[in-house]
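Asker: Chain by chain, the residues run as shown.
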Amino acid sequence: MKVPVAPPRRLVEVEIDGRSVRVPEGSTILQACRAEGIETPTICYAENLTPVNVCRVCVVEVEGARALVPACSRTVEPGMKVRTDTERVRRSRRLVLEFLASSVDLSLAPDLHRWQEVYEAHPERFGALMEPAAEGERDGREPGRHVPVEPGTAETVAQPVKIDNDLYVRDYARCVLCYRCVEACGDDAQGTYAIAVAGRGFDARISTEFAVPLPESACVYCGNCIGVCPTGALMFKTEHDLRREGRWDEARQTVTTTVCPYCGVGCNLELHVQDGEIVKVTSPADHDVTSGHLCIKGRFGFTFTRA
Amino acid sequence: MSASPSDVERAAVDAVLGPPGDGDGRVVRGGREVRGRRHLLLPALRALQARAGWVSPGGLAYVSERLGVPPAEAYGVASFYAMLSTRPRPPAVLHLCEDLACRLAGAEELAAELERLHGPEGEDRDGRTWLRSPCLGLCERAPAALAVHAGERPREVACAPLGQTELAAFLAGGDVDGGVGPAPISAPQTADPEGWASLVLLRRVGRVDPGSLDDYRAHGGYEALRTAVALGPQGVIRELKDAKLLGRGGAAFPTGLKWELVAQQPVRPHYVVANADESEPGTFKDRVLMEHDPFALIEALTIAGFTAGAERGYVYLRGEYPHAFEALERAVAAARARGFLGPDVMGAGFAFDIEIRRGAGAYIAGEETALFNSIEGRRAEPRNKPPFPATHGLFGKPTVINNVETLVNVLEVLRVGGPAYAEVGTAESTGTRLFCVSGDVGRPGVYEVPCGTHLAELLTLAGGVRGGGRPKAVLLGGAAGAFVGPEDLELPLSFESAREAGVTLGSGVVMVFGEGADLVDAVLRIAAFFRDESCGQCVPCRVGTVRQEEALRRLASGRTLGTREDELALLADVAQVMRDASICGLGQTAANAVWSAISRLGVFG
Ligand SMILES: Cc1cc2nc3c(=O)[nH]c(=O)nc-3n(C[C@H](O)[C@H](O)[C@H](O)COP(=O)(O)O)c2cc1C
Ligand code: SF4
Ligand code: SF4
Ligand code: SF4
Ligand code: FES
Ligand code: FES
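Line by line, the protein sequences are chains A and B.
Quick note: my numbering has the first sequence finishing at residue 471, numbered continuously throughout.
Quick note: my numbering has the second sequence finishing at residue 790, numbered continuously throughout.
Please keep in mind that the hints were generated in silico from the structure rather than gathered at the bench.
C-beta atoms are modelled at their ideal positions from N, C-alpha and C, and glycine is treated no differently.
A few of these clues could be false.
Stated by the list, open to error - Which bits of chain B does chain A cover? Going by a derived footprint, with three or more residues having C-beta under 8 Å, they are:
#1 259-270
#2 319-328
To be verified - In silico negatives: residues of chain A with every beta carbon more than 12 Å from chain B:
#3 Asp249
#4 Ala337
#5 Gly430
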């Protein structure tokens with residue numbers, strides 16, 4: 165097979181925060197910012213997935229555009245003037261972080277803690293957090309109607325963890341609705357389409373058809389959704405159990421890289437070991453074979469044999 | 186999951202998709218081709234709802250299997266639309282409008298009456314129930330309801346005005362009378378011979394038989410298409426540009442330029458779409474046009490197809506408009522039968538046909554890119570722009586999308602010619618406009634006036650404020666628009682004057698709030714509307730609409746967090762992030778009316 169050699173990409177000159185920057189044609193504003201060492205928060209964006217640009221935490225100001233634009237998906241154009249440090253940008257980023265932190269449990273998303281500090285977010289100003297919804301209540305919400313919460317409380321997505329199989333749990337109280345798991349399960353990696361976004365508005369949620377338990381769905385337990393989830397909403401059952409027992413301790417864990425022995429594809433595995441037990445398996449997002457995605461054997465084969 | 190469809194559900198789906206092929210209900214042909222029929226998903230789900238009263242697991246599984254759409258995705262679509270139910274729902278449902286104009290006309294009293302006579306919203310009693318609904322687009326006849334009967338003979342009937350008698354009849358198991366409103370009620374100018382002479386867009390309303398192609402032609406119908414064919418696509422575009430016609434769907438984009446951009450695209454096929462989703466609270470003009478003069482839209486869309494080089498057009502009609510659907514369906518069939526649609530339109534050597542697609546209860550589906558997703562069988566989530574519809578529209582192809590009123594204007598442009606058209610109205614806002622006047626006025630209805638007419642003049646035309654005097658406030662442009670006060674009645678209703686005044690005419694909503702109106706109630710309703718209608722895709726709008734409603738309810742109840750000023754500062758923050766960082770116009774405008782009420786009218790002051 166002849167491998168076509170891509171022609172070198174032309175460079176495009178843009179201005180970011182007053183500095184002139186040259187990046188390859190087709191780059192995103194985010195790539196240009198990163199090349200310049202300008203830190204930009206992202207939540208829904210992932211290198212191994214198609215940008216969905218829904219979280220809006222990466223917004224920047226582009227001269228001539230009425231609204232702010234998402235840096236993660238907007239491609240640069242010659243002469244584009246971008247500002248990442250204006251009051252408008254900071255305010256939007258702060259509000260996005262406050263909105264998420266006031267409605268979602270972000271305790272397992274350390275990046276977002278840091279960003280909240282950087283942007284001086286005060287999520288508590290929206291009031292006391294609402295009591296968690298009863299099991300299944302959010303799954304039954306109907307589009308176009310809602311019951312407002314008591315004045316003074318802030319609505320959240322708090323709800324019980326879904327534990328319906330031995331391999332991984334779904335804790336949608338931690339879900340920021342970044343669409344990453346849906347993409348990983350569907351077009352971008354797995355092609356299984358076991359989960360999708362259901363419902364509408366604040367009641368939108370990740371769901372199987374009619375919220376059936378995973379074993380009744382099309383899920384094949386590749387765990388790719390777990391691999392891309394930025395907030396710990398999707399988690400190995402082993403990790404979930406250890407955390408519940410208060411025994412999860414990353415300081416005591418080692419990570420061993422190996423090649424998956426189950427078939428000849430050659431996927432890179434990272435085995436996370438605590439106290440001599442494999443507690444979770446990941447794959448590097450930049451690995452050229454897997455792009456971070458695995459199948460049930462690589463993902464769960466080890467923990468499964470242990471169990 | 187494995188759930189089986191009932192015979193009724195199977196029949197309902199087969200009626201839309203055709204009988205199953207050799208695979209016996211399995212995925213018949215391989216992946217790609219079957220997935221290519223995904224655009225039939227919403228029609229199939231609607232059919233399930235209409236026959237079975239809900240989208241059951243068995244019904245959904247059958248649709249998924251036949252179309253090759255993964256069940257989780259099909260569920261994601263079914264659970265997006267308010268008129269579809271993924272839980273059992275009684276076969277007879279009275280959807281009671283609880284929106285702005287109907288609130289002014291006693292909707293809450295009717296809701297209380299329903300609660301007293303029937304029980305809580307949603308409760309099944311003898312196969313009947315009632316549910317609250319956002320604006321049904323029947324505001325000139327408020328208070329309004331839509332009766333929906335699922336079953337072997339599915340029926341949907343608009344019922345407005347809804348009185349105690351109709352309400353009791355529905356609860357007693359009877360049919361409610363209703364349907365298309367008489368032209369003189371919906372468009373009062375058509376009743377008066379003098380006023381009628383000045384009408385352009387409403388010229389045929391109440392004068393032609395909406396079911397007769399011959400009558401339409403006897404009233405000037407299809408002359409514009411003949412003119413278009415004689416001028417050729419370039420000529421039509423020139424006339425539109427000379428006319429300076431701007432879109433009436435809200436964004437005021439130049440129509441000629443839009444058509445030209447699509448006509449120039451080398452990629453094929455091209456599509457043209459009529460946006461008839463009309464769900465902005467307080468808007469009903471497109472409904473009146475479609476119910477009373479459906480051929481006008483068919484002809485105009487045909488001209489769009491001819492000009493933009495499209496052989497297929499879609500009318501995306503709001504799901505809650507059964508009577509407009511009947512009128513359009515009849516008109517399309519008649520036009521097709523007589524060669525005004527089909528492989529050789531009017532023998533002029535071009536092909537064009539129209540499909541009507543019905544929505545299923547989602548305001549956001551009126552946003553153009555959400556509308557494309559809806560037709561394609563996806564959740565009606567707006568797409569990020571760029572790319573724009575002119576290059577990446579329906580099915581990813583170059584697409585013209587216009588509001589119904591915009592399209593009907595094209596007939597007038599071609600009738601009188603671009604320059605003559607531009608003589609009406611103001612320099613920047615040419616032609617006439619339809620305004621949906623509702624609320625506390627003497628004669629609510631659709632009114633056609635030249636662009637630039639003063640608000641006060643329009644109100645006088647509509648019989649003035651009910652009970653006399655000056656209004657407490659007027660809502661311009663709907664929930665996405667802005668309130669103005671009694672001191673703003675001299676505002677000329679043109680794009681440029683609205684822009685200068687910091688308001689918008691949007692979809693032509695002019696809703697009058699009289700002395701006794703409760704503006705806090707209206708503001709809370711608007712906030713609830715956006716919270717209900719956000720698609721949920723992006724954080725600023727998904728959470729912002731919730732936080733906005735919460736803060737307003739705190740202010741209204743007096744239970745503020747901190748001082749009133751703290752709450753207003755918080756609301757300002759929420760408004761700004763929604764405006765600046767939301768993906769689409771819904772989030773970007775969700776704070777407009779609320780803020781105008783606070784800053785111009787001093788609500789919560
Ligand atoms: C939330 C939302 C809802 C909309 N609903 C409608 C609608 O029901 N009808 C309509 O014509 N345009 C609607 N629009 C505007 C369309 O996106 C689009 O601008 C319009 O169809 C273009 O037509 P025009 O150029 O003829 O105005 C809506 C926009 C938004 C953001
Ligand atoms: S484990 Fe794999 S198949 Fe199952 S939901 Fe996650 S991505 Fe989809
Ligand atoms: S479960 Fe995780 S990956 Fe999926 S949408 Fe929620 S936060 Fe994103
Ligand atoms: S602004 Fe609102 S309606 Fe528009 S894409 Fe975002 S969440 Fe959806
Ligand atoms: S990271 Fe750009 S929108 Fe989420
Ligand atoms: S029909 Fe009730 S407000 Fe429009």
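Asker: State for each hint whether it applies.
Answerer: Going down the list of hints, with the structure as the test:
1. 259-270: Contact hint for the segment 259-270 of chain B vs chain A: holds, 8 residues under 8 Å.
2. 319-328: violated (count 1)
3. Asp249: holds, 15 Å
4. Ala337: The assertion about Ala337(A) holds, with a minimum of 15 Å to chain B.
5. Gly430: holds, 28 Å
This entry does not satisfy hint 2, going by the numbered hints stated previously; all others are met.
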